[in-house]
Amino acid sequence: MQSTATNKTASDEQILELLRAEHSYERGFRLLMTCYRERLYWHIRRLVLVHEDADDVLQNTFVKIYRGILQFEGKSKLYTWLYRIATNEAISYLQSKARHSTETLDDTSNLLSNRLRADEWFDGDALQIRLQEAITQLPDKQRIVFNLRYYDEMPYEEMAVMLDTSVGALKASFHHAAKKIEAFFRETA
Amino acid sequence: MKKDQSSIDRELRELSPFLHDLRSKEDGFHLPENYFDGLEEQVFQQIDALGARRKPVRTTTARTGFWNSLAWLWQPRVAIAFSILLVAAFAVWWMWQPKPSVIETNIPLASQIELTPEELEAYVMENVNDFEPEQLALLAIAEDENSEPPKTPAPKTNTSTRNEKSGPDDLSPEELELLLDDLTDEEIEQML
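The listed protein sequences derive, respectively, from chains A and B. Residue numbering for the first sequence follows my numbering, beginning at 74 and increasing consecutively. Residue numbering for the second sequence follows my numbering, beginning at 3 and increasing consecutively.
These are computed hints drawn from the structure, not numbers from a lab.
Partner residues are not named here, just some residues of chain A that face chain B (Cβ under 10 Å, in silico):
id : residue
1  : L122
2  : P228
3  : K252
Which stretches of chain B does chain A cover? Using the computed rule of at least three CB atoms under 8 Å from a CB of chain A, they are:
id : stretch
4  : 15-24
5  : 48-55
Cβ atoms here follow ideal geometry from the backbone N, Cα and C, with glycine treated the same way.
Whenever a hint applies, use it, and build me the whole structure from the sequences.
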């Protein structure tokens, strides 16, 4: 699996302390970007698939974080809050693309997989392409849960805080998603 | 983020051995080399474009703070505003300065010029049209008062009337006014 881990050079508390003071706000934000840019990038990339789109969404995500970080109340972990913003940005981006397209939902999934094949920054084999096709066919919520668990290895408890859903509902969602993906492979074999 | 690798491994192995095996293989996603190096500046460019950049606050010592405040005064807009304020203050000060009611000149006032009766009469005669009848009458009275009284008063004749040569002392101001109303400018001129 491509890099999903980042060497953390500062704790969330250190970052937040810098962000709280006006004179060190920018330094704190740069530190936050350094610590979380890779993880957020890969989370976004697996939702939008194409590097170019992931780049746009990641930049928008950081702009939103820059403008709204002071609204972070510390009730959840910092990365949970950051992932929520990144996820919302990615889903909004995909929905916006779908609105501007005349394609149906199925066609939109095909469009995504076609774009993935054309992406110069993807060279996965046939199995990986089919896996991504299968994931794009999932409903948004299931796709987010599947990616967070399968790629980011996020515990259900933290996912529950991030998505404001119960752990049980998330487990069920992940199981449904896994079964649908298996079924997709069987049907398209 | 706290990784939950063992948990997900166990879960996937039970749920879907196929996905478990697939997960351990290369997924094919890559990104440009050094992509993250330029990311920060691109993000700040967007923030600047939105006008959302926070101005960094610099901590200053008392000494540098003093010089910085002086430097602040040299900004063009501050200098212009200060100049306008100075001009306005000077204008207000100048307007409120006490001014003499009469402009002082080297020309002496009429009251300060001593004229002989002859000079006065000559002036009046030259500019008789500039005077009102009342002024001429008063002038005539003044001349009479200034002239030497006769040692022996002239005997009064019965034929004399008030309209003729009766002295102005005999007339009240109302009578004098009535008399002057009846006279034309030429008659007054002749009288003089």
